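Participant: Which chain is which? The protein sequence lines are G, B, R, C, W and X, in order. First residue of the first sequence: 40, per my numbering; consecutive thereafter. First residue of the second sequence: 40, per my numbering; consecutive thereafter. First residue of the third sequence: 40, per my numbering; consecutive thereafter. First residue of the fourth sequence: 40, per my numbering; consecutive thereafter. First residue of the fifth sequence: 40, per my numbering; consecutive thereafter. First residue of the sixth sequence: 40, per my numbering; consecutive thereafter.
Source of the hints: derived by calculation from the structure; they are not laboratory data. Computed from a predicted structure; not experimentally measured. Watch out, some of these pointers could steer you wrong.
[Stated by the list, open to error] Here are the computed lysine-lysine pairs in the DSS-like style, where the Cα-Cα straight-line distance is at most 25 Å: (1) B:Lys-99 with X:Lys-65; (2) R:Lys-99 with G:Lys-99; (3) W:Lys-65 with C:Lys-99; (4) W:Lys-137 with C:Lys-117; (5) G:Lys-117 with R:Lys-65; (6) C:Lys-65 with W:Lys-117; (7) X:Lys-99 with B:Lys-137; (8) W:Lys-99 with C:Lys-65; (9) X:Lys-99 with C:Lys-99; (10) R:Lys-65 with R:Lys-117; (11) G:Lys-65 with R:Lys-99; (12) B:Lys-99 with R:Lys-99; (13) G:Lys-65 with R:Lys-65; (14) R:Lys-117 with G:Lys-65; (15) W:Lys-65 with C:Lys-65; (16) B:Lys-65 with X:Lys-65; (17) G:Lys-99 with W:Lys-99.
There are 6 protein chains.
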Amino acid sequence: MFSVTVRDHIMIAHSFAGEVFGPAQKLHGATFVVDATFKRPELDADNIVVDMGLAGAELKAICGALSYRNLDDEADFKGVNTSTEFLAKVIADRLTDKIAAGDLGAGASGITGIAVTLHESHIAWAGYERTL
Amino acid sequence: MFSVTVRDHIMIAHSFAGEVFGPAQKLHGATFVVDATFKRPELDADNIVVDMGLAGAELKAICGALSYRNLDDEADFKGVNTSTEFLAKVIADRLTDKIAAGDLGAGASGITGIAVTLHESHIAWAGYERTL
Amino acid sequence: MFSVTVRDHIMIAHSFAGEVFGPAQKLHGATFVVDATFKRPELDADNIVVDMGLAGAELKAICGALSYRNLDDEADFKGVNTSTEFLAKVIADRLTDKIAAGDLGAGASGITGIAVTLHESHIAWAGYERTL
Amino acid sequence: MFSVTVRDHIMIAHSFAGEVFGPAQKLHGATFVVDATFKRPELDADNIVVDMGLAGAELKAICGALSYRNLDDEADFKGVNTSTEFLAKVIADRLTDKIAAGDLGAGASGITGIAVTLHESHIAWAGYERTL
Amino acid sequence: MFSVTVRDHIMIAHSFAGEVFGPAQKLHGATFVVDATFKRPELDADNIVVDMGLAGAELKAICGALSYRNLDDEADFKGVNTSTEFLAKVIADRLTDKIAAGDLGAGASGITGIAVTLHESHIAWAGYERTL
Amino acid sequence: MFSVTVRDHIMIAHSFAGEVFGPAQKLHGATFVVDATFKRPELDADNIVVDMGLAGAELKAICGALSYRNLDDEADFKGVNTSTEFLAKVIADRLTDKIAAGDLGAGASGITGIAVTLHESHIAWAGYERTL
Chain G
40 MFSVTVRDHI
50 MIAHSFAGEV
60 FGPAQKLHGA
70 TFVVDATFKR
80 PELDADNIVV
90 DMGLAGAELK
100 AICGALSYRN
110 LDDEADFKGV
120 NTSTEFLAKV
130 IADRLTDKIA
140 AGDLGAGASG
150 ITGIAVTLHE
160 SHIAWAGYER
170 TL
Chain B
40 MFSVTVRDHI
50 MIAHSFAGEV
60 FGPAQKLHGA
70 TFVVDATFKR
80 PELDADNIVV
90 DMGLAGAELK
100 AICGALSYRN
110 LDDEADFKGV
120 NTSTEFLAKV
130 IADRLTDKIA
140 AGDLGAGASG
150 ITGIAVTLHE
160 SHIAWAGYER
170 TL
Chain R
40 MFSVTVRDHI
50 MIAHSFAGEV
60 FGPAQKLHGA
70 TFVVDATFKR
80 PELDADNIVV
90 DMGLAGAELK
100 AICGALSYRN
110 LDDEADFKGV
120 NTSTEFLAKV
130 IADRLTDKIA
140 AGDLGAGASG
150 ITGIAVTLHE
160 SHIAWAGYER
170 TL
Chain C
40 MFSVTVRDHI
50 MIAHSFAGEV
60 FGPAQKLHGA
70 TFVVDATFKR
80 PELDADNIVV
90 DMGLAGAELK
100 AICGALSYRN
110 LDDEADFKGV
120 NTSTEFLAKV
130 IADRLTDKIA
140 AGDLGAGASG
150 ITGIAVTLHE
160 SHIAWAGYER
170 TL
Chain W
40 MFSVTVRDHI
50 MIAHSFAGEV
60 FGPAQKLHGA
70 TFVVDATFKR
80 PELDADNIVV
90 DMGLAGAELK
100 AICGALSYRN
110 LDDEADFKGV
120 NTSTEFLAKV
130 IADRLTDKIA
140 AGDLGAGASG
150 ITGIAVTLHE
160 SHIAWAGYER
170 TL
Chain X
40 MFSVTVRDHI
50 MIAHSFAGEV
60 FGPAQKLHGA
70 TFVVDATFKR
80 PELDADNIVV
90 DMGLAGAELK
100 AICGALSYRN
110 LDDEADFKGV
120 NTSTEFLAKV
130 IADRLTDKIA
140 AGDLGAGASG
150 ITGIAVTLHE
160 SHIAWAGYER
170 TL
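Given only the sequences and the hints, what does the whole structure look like? Please build it.
Facilitator: In structure tokens:
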């Protein structure tokens, strides 16, 4: 299995509901360094998994639509705990939609899996992995 | 599949038996930066894999019981080569026991896999991964 | 010159005033990975710059008083742009006060300089350095 | 499953054929930081996955045979796009051959999988994973 | 003293003249991860060292003019060993010119020092630091 | 001022004397990732600070003479607390001696400063800087 990963980041405010979150129930914020991995069993005609430039640009667009916001105020996340692992799934699903829409190039149709990791600090990160 | 990882570290002395270990047969030591990953297919009622604060605290407790010791003198490891990969399994198994005992919270019962990586330097690390 | 550095982190929400900040004028947030460096020309009687455990504990206390908050609502920062470089100074000054108060141990009186770096992402960080 | 990873690097020049590569169609170069991971379900008689020193030495030999070259001029890669993901497979396959030849020691015969990751910058990396 | 650092990277081919360079006398290549640090004793009216977005954009422009090239063929570097430390100076000097030209904003006139570090691998980096 | 840094590591056992060290008074160990930086105001005739290959080889030799040992048993360190900052000075001084002996090449005579940083974990490091 081959893979390619590109990295970007978002900076957001949010709060959590639930005693399990302790002090993180208050409005606070995070930088999430976002790693998006694309997987496929065979390379395409150009000998690559995906156009890395295009993959980076589309990840940047997804990050741009999430960043510099208070996620508590976003319609998409009303009443939802926007945990690191949940946000990893949001980004993985949006990348999947972009592949289906052809935004990562025709060759990207051979991609069979996506994994997204969000690093929230030097001591904690979370991820979501799915097939296509 | 969702995952959450927390990081801590231990600082230990030990030696190895066996020609394959070369100079590491002598008493020496290591810092192991420990990454513990928890996996599950669906998030819990709080939209998380595990209470990250609790996961970090329990990992710290496990690391505390291993750190600042000469592992050659520990009853648990008598006559055992405490290789990086072996120690990764020790920590993964102890985390599994804690989950079974409810120490990571009731929600943690949905965790289906654990992976532990121990970084021994900037050029070498080892790990162990298991299901629950 | 000798130095010792310890690392911790904070997770905060804030916004900025001023066109120069572009989208960061909106309420957003950040993880700041905080590196605090202590410097002195000669080691103390224990052959160290500072008690590393105590330095880490006091840095954690300072970080705890800043973290999981919306800095826009904090009395200390009313009407202030809490830029990364400004926050580095806040933490450096608070560490300096702790040294003066003896909170880092008697040996710490020999510390002559402090530098604090705040990493806000994998591609940006800021710092402040001062003498004591 | 246990794993051990060792890291080395190569510094090469190359160019790519195909519009998808944009400016990278011109002769340029890269540092690839190479992580080679060895996997097996059970440890060997020495309680390890592989002799880490030997694994590092053999990875260094493979890297040495690729590094400080213009890959466009290498007979092995004539007319091939030496993408990061493709080079990860080259290194994984060469390591597999070395294991089969006994170069990683007799104990290494129990290795069941190899994964190789090549980091081309702080924001992009690629890999290849195979069974033995 | 305050500082702000932004990171970008270049990917280039080059060769060196001189026996001291050993195998690096052959055409090869490198990724240089570039850290550009701006320093000043006091913050500007916006409470910052420099507009971080603008600093990143101008560093990207400088990197873009160097990247995806064989430096041996560039008029600027004819007959010059484009060592990592030399390239750090090239980038620091170009950033200095941009500050003088006002490209980093009016507030940037208060910047008194620039440091540039180029990481060529996980085990080697080089830098250049200057006053303005 | 120009600089070049090379990285290596040591793995040692040791213990500390003094209540300030808490649990580290017991025999334990550490991996120290060692960064050695060489500084000079002007580049040499080859346009470099130092022969990076030679600098790496000599650092490796110094590390080799310290690694895979219990420092408590070493004649050089009898009755000495081998703190991270103290060991940084040991390595910086040994590098200085090598430069004086010509082991880093004739060009290295222009080096005016050395800085050594030892990373003992992901959250703590220490250093020593000196002129030549």
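Participant: Take the hints in turn and mark each one as holding or not.
Facilitator: We went through each hint and held it up to the structure:
1. B:Lys-99 with X:Lys-65: At roughly 19 Å apart (the allowed maximum being 25 Å), Lys-65 of chain X and Lys-99 of chain B satisfy the hint.
2. R:Lys-99 with G:Lys-99: Measuring from Cα to Cα gives roughly 33 Å; hence the hint is violated.
3. W:Lys-65 with C:Lys-99: holds, 19 Å
4. W:Lys-137 with C:Lys-117: violated, 42 Å
5. G:Lys-117 with R:Lys-65: Within the cut-off at roughly 18 Å; holds.
6. C:Lys-65 with W:Lys-117: holds, 18 Å
7. X:Lys-99 with B:Lys-137: Answer violated: Lys-99 of chain X to Lys-137 of chain B is near 42 Å, above 25 Å.
8. W:Lys-99 with C:Lys-65: holds, 19 Å
9. X:Lys-99 with C:Lys-99: holds, 15 Å
10. R:Lys-65 with R:Lys-117: holds, 16 Å
11. G:Lys-65 with R:Lys-99: holds, 19 Å
12. B:Lys-99 with R:Lys-99: At roughly 15 Å apart (the allowed maximum being 25 Å), Lys-99 of chain R and Lys-99 of chain B satisfy the hint.
13. G:Lys-65 with R:Lys-65: Holds - the C-alpha atoms of Lys-65 of chain R and Lys-65 of chain G are around 18 Å apart, at most 25 Å.
14. R:Lys-117 with G:Lys-65: Measuring from Cα to Cα gives roughly 18 Å; hence the hint holds.
15. W:Lys-65 with C:Lys-65: Holds, because 18 Å separates the two Cα atoms, which is no more than 25 Å.
16. B:Lys-65 with X:Lys-65: Distance of about 18 Å is within 25 Å: holds.
17. G:Lys-99 with W:Lys-99: holds, 15 Å
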